[in-house]
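Student: Sequence:
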Amino acid sequence: MSKKMAIAATALAAIVISAVPGSASAHGGGNRTRPDHWGVITRNTVGSPVAALRNGPFGSFGVQGPSARPPYGQGSLGIEVADHSTTLNPPSEKVDFGNEVDFYGDPVLGLNQVGFHVFQTSENIAYGGGGAAGARNLPSIRFEIDPNLTANPTNHYTTMVWVPDASPVTDRWSPYLDATTTGTWFLTGNAGLVTGCNQNTPCTFQQVKAALNDGGPAPTIYSVAVGKGPDFVWVGAVDGLRVNRTVYDFEADGVRTRQVR
1 MSKKMAIAAT
11 ALAAIVISAV
21 PGSASAHGGG
31 NRTRPDHWGV
41 ITRNTVGSPV
51 AALRNGPFGS
61 FGVQGPSARP
71 PYGQGSLGIE
81 VADHSTTLNP
91 PSEKVDFGNE
101 VDFYGDPVLG
111 LNQVGFHVFQ
121 TSENIAYGGG
131 GAAGARNLPS
141 IRFEIDPNLT
151 ANPTNHYTTM
161 VWVPDASPVT
171 DRWSPYLDAT
181 TTGTWFLTGN
191 AGLVTGCNQN
201 TPCTFQQVKA
211 ALNDGGPAPT
221 IYSVAVGKGP
231 DFVWVGAVDG
241 LRVNRTVYDF
251 EADGVRTRQV
261 R
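In this note's numbering, the protein residues as written are 1 to 261.
Quick caveat, the hints were computed from the structure, so don't treat them as lab data. These numbers come from a predicted model, not from an experiment. Each hint should be verified, as a subset may be incorrect.
Stated by the list, open to error - Cβ pair distances, simulated, as ranges: (1) T257 - F61: 28 to 36 Å; (2) G254 - G216: 14 to 22 Å; (3) L109 - L193: 17 to 25 Å; (4) V235 - T201: 24 to 32 Å; (5) D165 - T86: 37 to 45 Å; (6) G216 - Q64: 46 to 54 Å; (7) G59 - S85: 23 to 31 Å.
Even for Gly, the Cβ is constructed at its ideal location relative to N, Cα and C.
Take the sequences, apply the hints, and build the full model.
Tutor: Laid out in structure tokens, this is it:
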């Protein structure tokens with residue numbers, strides 16, 4: 001092989017390697033310095049719900065101005081769940097769209113900013129039974145954590161769940177809903193019983209953090225997700241999930257990060 005042919009073959013091989021999914025160049029080079037670890041958490045999903053990155057929603061019809069488009073970019077996380085659609089008890093669907101990699105081991109007590117924007121519809125309020133209760137038919141933010149409670153040292157799993165208050169607007173994008181100052185929080189399973197922050201007696205954000213700070217090892221995060229169900233039918237979207245100083249911008253082609261103060 002001539003020297004020119006050898007150089008050409010080497011260049012071609014480099015191009016092929018850089019284009020192969022999973023290669024070092026594909027994941028470590030270019031503008032993408034951090035892999036996208038967001039997706040449906042399969043073990044936390046029941047039935048056949050939808051949690052997919054999409055464009056829009058833009059609207060509803062007749063709505064104009066900033067509330068007629070996603071708060072960040074062009075896209076959002078579209079969520080659809082149904083009720084009475086499985087043979088389980090309860091029979092409704094459940095879905096978590098989240099990240100099981102990038103938050104693993106982070107301190108729960110280090111959380112100080114959490115929230116999102118939501119596209120709520122009047123139909124969703126009706127699906128939830130109407131009135132004030134139906135207005136709280138919304139997705140939640142869920143942190144799977146190791147609670148590390150002194151009062152229950154053998155329990156190393158619970159989900160810390162934020163249930164939002166009603167969105168102040170419908171059929172359009174909401175302003176930022178701050179999970180540290182609005183809505184309620186609870187812990188699932190034994191951790192909820194031990195701390196008193198359970199679904200029947202939910203707590204504020206500061207109360208649930210104080211309950212977890214009981215003198216034992218610090219609680220740590222396993223995963224972070226936006227989820228819905230199992231409860232009522234809901235069809236809508238979420239964007240701009242904030243965890244501390246990072247906003248996660250859901251776009252049709254992936255999840256982008258934006259740093260905020």
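Student: If any of the earlier hints don't hold here, list their numbers in rising order.
Tutor: Violated: hints 2, 5.
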